[in-house]
Each structure stands twice: as C-alpha cells, then as structure tokens.
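*Asks:* Here is how the chains run, residue by residue.
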Amino acid sequence: MRASRAVVMVGGLLALATMPWWARDQYQLHLAALIGVYWILIAGLNLIVGYSGQLSIGHVGLLAIGAYAFAILTGRYEWSPWIALMASGGIGALCGLLLGLPSLRLPGFYFAMATLAFALIVTEISLAQGDLTGGGTGLSVPGFTAPFDTPGGFHALILSVAALITWLTWNVARFMWGRALIAVRDSVVTAQAVGVPVFRAKLLVFVFSGLTAGVAGALFASLQSYITPDTFVFELGLFFFVCIIIGGRGTIVGPLIGTAVLTALPEIVAPLARWSTFFYGLLLLAVVLLVPEGIGHVVEIVRARWKPRSLQSFAVTPDAARLARCLRADPER
Amino acid sequence: MLTALVTGIAAGALYAAAALVYNVMFSTSKVLSVTTGHLSMLGGVFGAWLMAGLGWPLPLALLGAVLIGAAFGIATEIIAIRRVLSRSDEHLWLLSTLALATMLQQGVALWWGTEPKPFPRLLPQDFSAGLADQKYWLPVAIALLLAVALELFYRRTLYGKLFVAMSEDAFAARARGIPTDLIRSLSFALAGAMGALAGFAAGQLTFAYFALGLTLTLNGFVALAVGGLGSNLGALVGGLLLGVIGAFATYYLGGEYQQTIAVGLLMLVLLVKPAGLFGSASIRPV
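For the record, the sequence lines run as chains F and C. Here the first sequence is numbered in our numbering, starting from 1 and rising by one per residue. Here the second sequence is numbered in our numbering, starting from 1001 and rising by one per residue.
Worth flagging that the hints you see were computed from the coordinates, not collected in a lab. One should not assume that every hint holds.
[As the list claims (entries may be wrong)] From the structure, some residues in chain C lie toward chain F, with a derived Cβ separation under 10 Å:
(1) LEU1062
(2) LEU1063
(3) GLY1064
(4) LEU1067
(5) VAL1084
(6) ARG1087
(7) TRP1093
(8) THR1102
(9) LEU1214
(10) THR1217
(11) VAL1222
(12) TYR1257
(13) GLN1258
(14) GLN1259
(15) THR1260
(16) LEU1266
Every residue gets a Cβ at the ideal spot worked out from N, C-alpha and C, and that includes glycine.
Let the hints inform the model, and build the full structure from the sequences given.
*Replies:* Quick look at the structure:
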C-alpha cells in the first residue's frame, strides 16, 4: 500500500515535471501553472482551515497583497524578481500577522466575517491608492529572468516552489504542530488542558499561510502578467476555501486534488464557466450536507460497501485442566 | 454636512434592519446566517422586478417581495440549518449558509444581471424634495417599525413568547412541549419577510443590485456585534452608529474607505467591550 502510493506520487511528479514536453498547447501549460499557483496558497490555507479549523474566507486579500507587492517592487522600483518574490512572501507574512493578531482571538463566525472584511478592505485600498496600484486600470507585471521567462521554465519554477511548500506543510502537519492544530480544531478546551498554546499555534500557522499567500500572489501576478482589483474578487477567496472543504479537512492530498479538479473543470467544460461560482456553492452545500468529511470519504464508504471487512473467526478452546485446577485451588493456601 | 448625516442615518437604518434579522434567526437557532443580507437583496430585486418589470401595483408587489423573502427564509432553514444542527460540529452551519448565499447571489446575478438597476418610486413625490425625499426616510421608518413590531410580538403574543422561551433555553422549551423545529422554521420565515421588507423599503437608496447581499451581511453583522448580539436596541444603535460614522468618513475622507471604517469600529468595540454595547456577557459552562 505504502509502496504503491509512493509510485503514484513519483509518477505524478514526473508527469507534471515533463509537462512542457507533452502538453498539447500553451493553454494546458498555463492551466497547470495556475493550479500550481493556487495550490501554493491553498497548501498554506489548508493548515488554517483544514487542520486548525479556523474558517478564513478572505485569503484572497493576502494573495492580492502579494501580487501588488511583486508588481510594484519589480515594475516601479525595478528590483530583481527573485528578491521581490521573497519580499512579497515577507509582506504577506507581515499582513498575515497583522490580520491574525486581532482576528484569531474571535470565535468562529466573527473570524470568518473579519477575514471577509479584510478581503474587501484590500480591494478598497487597491482602488483608492491609485498612485501606487494603478487603481481600476491595474498594473502590468514583468516576468522572471531567463531561464524562467518561457512558459516551460516558469512552469518548472512554480512546480518546484509548490513542491517545497507542500513538503513544508507536510512537515508541519505530521509532527507536533499538526497534532496541536488538530486538537485545537476538535476541542479548544481539551487542547488548552493538555498544554497546547492555542493562540500561538493558530497565529504561527496563520503567518505561515500569509507567507505562502504572498509567494502565490507574486507568482500569480507574474503568470497573469497584468493585475487589476477585479482579479481579486471575493469569489476567488471562496474558491480557495471550497477546494479545501471539498477535498476534506485534515489531509493534504484531498485539497490538492480538489484544487486541480475545481480549477480545471470550468476551463475544460466551457459552458460551466458562467456558472462556476454557482456550481462551487452547490458543491459546497452538497459536501457539507452529505459528506462533511470531504469527497475522499465517499471512496471509503464505497469501498466499505463493495468489499466489507472480512470477519476473521478465532476459535477459543478453554484449557480445561488448568481451569479445573484453578477452581479446585484452596484460597486459604 | 446635513446630507452626510441624513444619508448616514438612512444607510444605518438598513444595517439596523439587517442586524434585527440576524437577531430573529439567532434567537431560536443560535445560528448567524450568512444569508441575512441576501434576504434584503431579494426584497430589492424582486420588488423592482414585480413593479417595474411586471407592472404590479405597490401593495401587491410589496406582498410578493415579502412572500419571496419568507419563502427563501424557510428554504434556508430546511436546506441549510435543520440537518446541520443535528450534527455536533459547530461550524457546519456557517459553511452551509455561506454555500446557499453564494448560490442565491450567483443565481440572481445570472438572471437579473450584474448592473444595479433603478428601483421605482413607491410614493408619489417630487424629485426636488431634497433631504426630505422618501428614499431617506422610508428605510428609517421601516427599521423603527420592525423594531417596535418585534418588541410587541415578543411581549404581547403567545408565539412571541414561544420565541423568547426558545432563545432562553431550547431544551427546556422542548421539554415543555414547544414544537421547537416548527418555531425555528417560523423564525426563519419571519426573518425572511423582515429582510425583504427592509430591502424593499431601501430599494431606492441601494438600487436593485445583486451584490448588495454580501456587504449587507457584513455591515449588518458589524452593527449587531457593536450593539451586542441578541439585543434589538443594540441592533438599532449599532446600525445607526455604523451608518453615520461611515457617512462622515465618506464626507471627510472620500468614499473609498467604507469597509475599513466599519471594521475599525468593530475591532474597537470588540477590544473595549467584547459583548457589544448592549449585549450581556455570556458565561460559557465548561
């Protein structure tokens, strides 16, 4: 089982890495890069939503901040894209800290509303500060330097960053911090009782998710090559959120598959594009009502239906002689 | 200056109405529904469609819009609340109502269009009335009417007392023979009707616009949290406070910082008085 999973993972990675050679057109490559960029953000968000159970619906605000930071630093101040990429990650982390400090103290619905408000505020400010962000007309974004200036090279860059981020989140998830986050999600009181620093744990992963959102924003801006405030609508934040809920909370593979499928679906099935947000809502509702554990749980249910766990019977033969000896034994002696 | 005050009070009345709608649903179900603002959006859009599109007279269109709001309220309860409340996970209702709100908003956007459309005049009045125009005082009148009617309903009628009993302790209410599921459905229907009525009355101020729902959900929630969860007086005060502060911020700083001001106010109040201005601090048994 473990070996077959490793084979699937290595095979998938190889297929993705060699995609520039076998992809039929540039558009497929662009789509794969887009999935990678979204995944960089969602991998970080997954630690917040999937592991620690804080329902942040406004991460699109952090994505916008990363994108604008990258666009302004490279376009206006002519920084090297690499330094700008790191700087956008840092700015994303800082904004995550500033957002998390007050809002992570709030209970569920309050937190969701605070993040929603944050996303709207970022849009407002990017429209209001026209001198810096270009206002409603937007900004054009320079690309990366060679060898990452071709679609194939950029694909490789995004893939390696995504792999790095996935590895980081996997490390967080499977060791002590991940367990602490799951404890916070399932019962705050219990987590506190066993000594988990609840607020600090939440804040730490929130800052990390800000960093990944900032990096994703920088890559996103470079991929789209032109950004306006309309790029970062609230529906995009909802989309990130839906990817995680549908993939299942508390796993990394589930949201990854969710991201890939949900990004590709409206692009492949063209008539769906108009209805895509409605469709996300419908999908979210169906998952919440029918399988709150995520779509992956359906596989388990079906598997259990088709192949019931084989019942093993163990014959128990009493050791009659020993039993008789015990019964006959004198308790006095 | 006076214009800022009047528009602020009018917008604040709409926020206060949304906060009241939150309260009605919260009292029986302990659910803060994301669909709250969308109820008012329904009232505005369907009001405009029935009056301007189909040419219905005012009373009939008002009735139609309110009925549609109430129907959507009941549908919310049946689809998104009932099944979810029987599970133990406390955040699922947030997801299900968010999903429903998204579907409604997108559905309306596809059907009605994404541009704000004008709302017809409700009362014959000259456009030269200035600040005494009906679009300013209608929302205020409706918000006050809703608050007073709600208070009378809670205090003077048997059904109102059932609502209050359920908000105090749903299990005890059930043990006394109150059909709690039915009461919860009724409260969502009432909330839908109230939200649609407020949206209908404020239609000339907000226009019939599909994206009104989400901003109203947020601003109504800010008004509610500032005023204190569960308090109707707090909802009114919080809504007016938010509306007036937002209008003056627009007057002095320009219109770009509406949400920033609203959330700043929310954070300030939550830091100083976490239960809100008129809320009672809840004690959580562990």
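*Asks:* Now tell me, hint by hint, if it's right for this structure.
*Replies:* For each hint, the structure was consulted:
{"no.": "1", "hint": "LEU1062", "verdict": "28 Å, violated"}
{"no.": "2", "hint": "LEU1063", "verdict": "28 Å, violated"}
{"no.": "3", "hint": "GLY1064", "verdict": "24 Å, violated"}
{"no.": "4", "hint": "LEU1067", "verdict": "24 Å, violated"}
{"no.": "5", "hint": "VAL1084", "verdict": "7 Å, holds"}
{"no.": "6", "hint": "ARG1087", "verdict": "7 Å, holds"}
{"no.": "7", "hint": "TRP1093", "verdict": "9 Å, holds"}
{"no.": "8", "hint": "THR1102", "verdict": "3 Å, holds"}
{"no.": "9", "hint": "LEU1214", "verdict": "7 Å, holds"}
{"no.": "10", "hint": "THR1217", "verdict": "8 Å, holds"}
{"no.": "11", "hint": "VAL1222", "verdict": "8 Å, holds"}
{"no.": "12", "hint": "TYR1257", "verdict": "6 Å, holds"}
{"no.": "13", "hint": "GLN1258", "verdict": "7 Å, holds"}
{"no.": "14", "hint": "GLN1259", "verdict": "4 Å, holds"}
{"no.": "15", "hint": "THR1260", "verdict": "5 Å, holds"}
{"no.": "16", "hint": "LEU1266", "verdict": "8 Å, holds"}
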